[in-house]
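Chemist: Can you make the complete structure from the sequences, with help from the hints?
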Amino acid sequence: MRWESWSDFWFMGGYGLYVWGSMGMTAVLLLLEMVQAYLAHGRALALARADQALENP
Amino acid sequence: MTMRWFYYAAPQTFYGLAGRMWPWLAAIALLLTAAGLWLGFGLAPTDAQQGEGYRIIFVHVPASWMSMVIYLAMAFWSVLGLTFNTRLSGMMTRALAPTGAMFAFLSLWTGALWGKPMWGAWWVWDARLTSELILFFLYLGYIALTSAIDDVRRADRAGALIAIVGAINVPIIYFSVKWWNTLHQGASVSLTRSASMAQLMLWGMLLMALAFWAYTLAMVCYRVRTLIIERERHTDWVQALPDVTGALA
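Quick mapping for you: the protein sequence lines, in order, are chains Y and W. Per this note's numbering, residue 1 is the first one in the first sequence, and the count goes up by one each step. Per this note's numbering, residue 1001 is the first one in the second sequence, and the count goes up by one each step.
I should point out that these hints are in silico values taken from the structure, not numbers from a laboratory. Remember, it's a predicted structure, so these values are computed and weren't measured experimentally. By construction, the Cβ of each residue, glycine as well, lies at the ideal position given by its N, Cα and C atoms. Do not rely on the hints blindly, as some may be mistaken.
So the derived list for chain Y, only partly shown, Cβ under 7 Å to chain W, looks like this [to be verified]:
hint : residue
1    : 21
2    : 25
3    : 26
4    : 29
5    : 40
6    : 41
7    : 44
8    : 47
9    : 51
10   : 52
Modeler: Here it is in structure tokens:
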């Protein structure tokens, strides 16, 4: 490991804002996409169940 | 052989296949991300010119590659869809678009965060940056157009045209740094010569690229199942799925 300490790691040789701004945005968007996909799947299943309730009351 | 391809191109069979594949692909993506971040942030040395700021490339380059690859994949499925009129093609194209748009945005965002400290500007109207911005707009255009048309088959065909015509932009992005005198640097990795970067940096970047590949494949497998349920929910086979009947699998 090539970092002296955690603060050294977060400081990133003065590029902290840029490096963590990049990594942070990537992490946030990936998470949002996964949550969105999960919720959309649930909505699609709910629609299909609603159809079933109509057809077999 | 041909029969087999068409067998898997049936939404009903692909639904099961994609459902078995996405958890494995997601697990592979997670492992590759952990390995890539460890190499990139734990082991790779400081760059002689760019200090620690160069570490942005561990997401910038893989995100940019994926933004181009996904668009080409959309064009590929669109050609198949227009040629064979298969139902799955339009769903695959739509399943790819949001992930592609996200990677195109990340390419621009991380590029801006790299450009500010290295070039002194968040943005320049250089051929590489401009063509990548156009790619991002093509993704948004595809999503907007396909969601604006109610008839899904017509929407798929209209979207396929954007995907195919817009694919001309992808080689323009890739070769822009050769064809024009751009501020953006040339390729650091190429098939024809050895990479112009240290081994650990290169491996960190390649692992992250593979991680994004696996993530994209997992996400597409997951999302295409949502689209299949939405479109085929009136069919007997969807109505018989354990997730729909409420029966325990």
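Chemist: Look at each hint and say if it fits the structure.
Modeler: Hints, one by one, checked against the model:
no., hint, result
1, 21, "5 Å, holds"
2, 25, "5 Å, holds"
3, 26, "5 Å, holds"
4, 29, "5 Å, holds"
5, 40, "5 Å, holds"
6, 41, "5 Å, holds"
7, 44, "4 Å, holds"
8, 47, "6 Å, holds"
9, 51, "5 Å, holds"
10, 52, "6 Å, holds"
Consistency with the previously given hints is maintained throughout, with no hint failing.
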